[in-house]
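Enquirer: Throw the hints in and build the complete structure from the sequences for me.
Chains as they are written, first to last, in my numbering: chain A, 1 to 209; chain B, 1 to 298.
One should not assume that every hint holds.
[Stated by the list, open to error] The calculated lysine-lysine pairs, modelled on DSBU-like cross-linking and capped at a C-alpha distance of 35 angstroms, are:
id, chain 1, residue 1, chain 2, residue 2
1, B, Lys36, A, Lys174
2, A, Lys90, B, Lys266
3, A, Lys174, A, Lys22
4, B, Lys266, B, Lys117
5, B, Lys263, A, Lys22
6, B, Lys263, B, Lys244
7, B, Lys191, B, Lys266
8, B, Lys266, B, Lys288
9, B, Lys117, B, Lys263
10, B, Lys191, B, Lys244
11, B, Lys36, B, Lys191
12, B, Lys266, B, Lys36
13, A, Lys22, B, Lys266
14, B, Lys288, B, Lys244
15, A, Lys90, B, Lys263
[Said to hold, decoys possible] Distance ranges between label pairs, derived from CB positions:
id, chain 1, residue 1, chain 2, residue 2, range
16, B, Glu205, A, Glu200, 24 to 34 angstroms
17, B, Ala58, A, Gly162, 36 to 46 angstroms
18, A, Gly164, B, Thr112, 30 to 40 angstroms
19, A, Glu205, B, Glu126, 53 to 63 angstroms
20, A, Gly162, B, Gly144, 46 to 56 angstroms
21, B, Glu184, A, Gly110, 24 to 34 angstroms
22, A, Arg20, B, Pro210, 23 to 33 angstroms
23, B, Lys288, A, Leu122, 52 to 62 angstroms
24, B, Asp55, A, Arg112, 45 to 55 angstroms
25, B, Gly5, A, Arg112, 30 to 40 angstroms
26, A, Ala107, B, Arg64, 51 to 61 angstroms
27, A, Arg20, B, Glu192, 39 to 49 angstroms
28, A, Glu166, B, Asp115, 29 to 39 angstroms
29, B, Gly290, A, Gly41, 44 to 54 angstroms
These are computed hints drawn from the structure, not numbers from a lab. Values in this document were obtained by computation on a predicted structure and should not be read as measured data. All residues carry an ideal CB built from backbone N, CA and C; glycine is no exception.
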Amino acid sequence: MAGNGDTNSDTSGAVFGDERPKIGVLALQGDFAEHLNILRGLGVRAVEVRTLEDLAGLNGLIVPGGESTTIGKMMLSSGLSDGIRSFFYKGGPVWGTCAGMVLAASATTGPRQPLLALMPALVERNGFGRQVHSFEAELDVEGFDGAFTGVFIRAPFFESVGPGIEVLSRIEEKVVAARGDNILVTAFHPELTDDVRFHEYFLREVCDL
Amino acid sequence: MAENGQQTGTFRVKSGMAQMLKGGVIMDVVNAEQAKIAEESGAVAVMALERVPADIRADGGVARMSDPEMISEIQATVSIPVMAKARIGHFVEAQVLQALEVDYIDESEVLTPADEKHHIDKAAFEVPFVCGATNLGEALRRIGEGAAMIRSKGEAGTGNVVEAVRHMRSIVGGIRRLGVLDDEELMSEAKELQAPYELVRWVAENGRLPVVLFTAGGIATPADAALMMQLGADGVFVGSGIYKSGDPARRARAIVQATTHFKDPKVIADVSRSLGEAMVGREMGDLKEGERLATRGW
Chain A
1 MAGNGDTNSD TSGAVFGDER PKIGVLALQG DFAEHLNILR GLGVRAVEVR TLEDLAGLNG
61 LIVPGGESTT IGKMMLSSGL SDGIRSFFYK GGPVWGTCAG MVLAASATTG PRQPLLALMP
121 ALVERNGFGR QVHSFEAELD VEGFDGAFTG VFIRAPFFES VGPGIEVLSR IEEKVVAARG
181 DNILVTAFHP ELTDDVRFHE YFLREVCDL
Chain B
1 MAENGQQTGT FRVKSGMAQM LKGGVIMDVV NAEQAKIAEE SGAVAVMALE RVPADIRADG
61 GVARMSDPEM ISEIQATVSI PVMAKARIGH FVEAQVLQAL EVDYIDESEV LTPADEKHHI
121 DKAAFEVPFV CGATNLGEAL RRIGEGAAMI RSKGEAGTGN VVEAVRHMRS IVGGIRRLGV
181 LDDEELMSEA KELQAPYELV RWVAENGRLP VVLFTAGGIA TPADAALMMQ LGADGVFVGS
241 GIYKSGDPAR RARAIVQATT HFKDPKVIAD VSRSLGEAMV GREMGDLKEG ERLATRGW
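Expert: So this is what it looks like as structure tokens:
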């Protein structure tokens with residue numbers, strides 16, 4: 001609404017001098033609002049990241065689903081690519097879902113596009129085909145009790161990963177979830193389900209909260 | 001469909017696809033070269049069509065689904081999603097577009113309707129559909145038929161944002177109104193809206209549509225795009241506004257920036273500098289009876 005477009009102030013349970021951990025969600029394009037909602041339900045402060053300044057003081061960052069070419073270009077023009085790289089290489093925890101997984105990779109099998117290159121991995125964009133082939137599937141995930149419903153939308157997969165990367169889930173030979181020290185990637189969208197286990201996993205195992 | 005434990009064509013997968021487009025700009029393109037420019041400008045998807053709405057208006061005649069060859073060329077050129085339009089009610093055009101594996105079908109009033117009474121049964125398809133709406137009732141009827149994304153209709157090919165604003169305010173205002181009604185008032189409201197009761201109830205409880213809501217029809221400037229976003233749109237379709245302007249690539253980039261940073265007037269000011277000529281707009285009062293596209297469909 002006019003003059004009232006600010007959705008970034010997370011007031012859920014906020015008090016003066018809020019000490020709760022702060023998790024940012026890259027909000028240049030894509031389904032960032034879905035991540036923010038789940039994070040707020042888990043009791044952390046969740047904020048939109050649109051500019052370099054928004055990275056300050058974050059305990060973790062999620063790069064959401066969306067169009068990786070669009071997000072990549074917007075990150076370059078805003079200086080956020082360098083900002084996120086520097087956040088990450090100083091130990092900042094990052095989780096990429098779908099487009100975020102593409103951007104986290106060091107190389108793609110497709111045409112050149114801006115990447116963050118946060119982990120040694122070769123990504124195949126739209127690896128399962130166009131939208132008519134998008135699907136849901138029950139996944140076995142390393143360290144999870146019970147299957148996790150993966151929602152795959154024009155999803156990528158990792159064709160191969162380098163040293164130091166642990167594969168958490170595969171569909172046949174295709175890597176669809178993986179992690180390194182301070183990086184987590186999923187080819188599917190936990191933020192489109194009611195199952196918050198991956199968000200909890202990110203906060204607990206990757207952000208050490 | 002289920003194959004080796006994989007379920008395709010679920011509503012979550014269809015509406016989820018639209019959720020990935022949020023905060024983005026979908027651009028009309030008529031050939032592979034324009035599609036490339038759109039992708040390089042940061043479009044989240046392209047809409048492949050034979051003529052942009054401004055030309056459809058100028059040329060007259062029956063406007064139909066695009067040549068499959070042109071759609072395939074565009075698919076081969078860009079890596080972002082490719083959408084295409086089918087005529088209202090023309091389910092065979094939709095079957096053809098699904099066979100071509102377009103990523104989204106727009107059952108669109110911009111093309112000449114094939115059926116004046118019935119829209120396509122969209123739930124029967126694996127490919128998701130976006131449909132236009134001028135108000136909440138129309139939006140919920142389309143969702144009832146299986147649409148996984150809604151766009152306010154506006155008045156395509158006019159370069160005039162006034163109808164897009166009218167339709168977006170009508171949809172968003174209608175949603176807000178439902179929120180204050182008692183349970184017993186919802187059924188009579190559903191009757192007024194001529195919309196499925198279950199959907200009316202869902203909207204009343206959740207304060208939003210169950211699918212993503214974009215805007216379309218008359219967006220010509222970065223400020224137009226940001227206006228629609230501040231009014232409640234999740235993203236923007238731009239048609240004639242880009243390729244009917246003086247410097248399409250530059251205007252396309254500017255509209256993409258304004259859509260992301262719609263709350264930041266400084267950014268909008270910056271990207272709006274020396275953009276060259278915008279498309280020539282048309283006054284609604286100058287449109288003749290029958291020239292209004294938004295009245296197509298119900």
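Enquirer: So, for every hint listed, does it hold in this structure?
Expert: Results for each hint:
| no. | hint | verdict |
| --- | --- | --- |
| 1 | B:Lys36 x A:Lys174 | holds, 29 angstroms |
| 2 | A:Lys90 x B:Lys266 | holds, 31 angstroms |
| 3 | A:Lys174 x A:Lys22 | holds, 33 angstroms |
| 4 | B:Lys266 x B:Lys117 | violated, 47 angstroms |
| 5 | B:Lys263 x A:Lys22 | holds, 22 angstroms |
| 6 | B:Lys263 x B:Lys244 | holds, 26 angstroms |
| 7 | B:Lys191 x B:Lys266 | violated, 45 angstroms |
| 8 | B:Lys266 x B:Lys288 | violated, 39 angstroms |
| 9 | B:Lys117 x B:Lys263 | violated, 40 angstroms |
| 10 | B:Lys191 x B:Lys244 | violated, 42 angstroms |
| 11 | B:Lys36 x B:Lys191 | violated, 46 angstroms |
| 12 | B:Lys266 x B:Lys36 | holds, 28 angstroms |
| 13 | A:Lys22 x B:Lys266 | holds, 27 angstroms |
| 14 | B:Lys288 x B:Lys244 | holds, 22 angstroms |
| 15 | A:Lys90 x B:Lys263 | holds, 31 angstroms |
| 16 | B:Glu205 x A:Glu200: 24 to 34 angstroms | holds, 26 angstroms |
| 17 | B:Ala58 x A:Gly162: 36 to 46 angstroms | violated, 56 angstroms |
| 18 | A:Gly164 x B:Thr112: 30 to 40 angstroms | violated, 58 angstroms |
| 19 | A:Glu205 x B:Glu126: 53 to 63 angstroms | violated, 36 angstroms |
| 20 | A:Gly162 x B:Gly144: 46 to 56 angstroms | holds, 49 angstroms |
| 21 | B:Glu184 x A:Gly110: 24 to 34 angstroms | violated, 55 angstroms |
| 22 | A:Arg20 x B:Pro210: 23 to 33 angstroms | holds, 31 angstroms |
| 23 | B:Lys288 x A:Leu122: 52 to 62 angstroms | holds, 57 angstroms |
| 24 | B:Asp55 x A:Arg112: 45 to 55 angstroms | violated, 33 angstroms |
| 25 | B:Gly5 x A:Arg112: 30 to 40 angstroms | holds, 35 angstroms |
| 26 | A:Ala107 x B:Arg64: 51 to 61 angstroms | violated, 42 angstroms |
| 27 | A:Arg20 x B:Glu192: 39 to 49 angstroms | holds, 44 angstroms |
| 28 | A:Glu166 x B:Asp115: 29 to 39 angstroms | violated, 54 angstroms |
| 29 | B:Gly290 x A:Gly41: 44 to 54 angstroms | holds, 51 angstroms |
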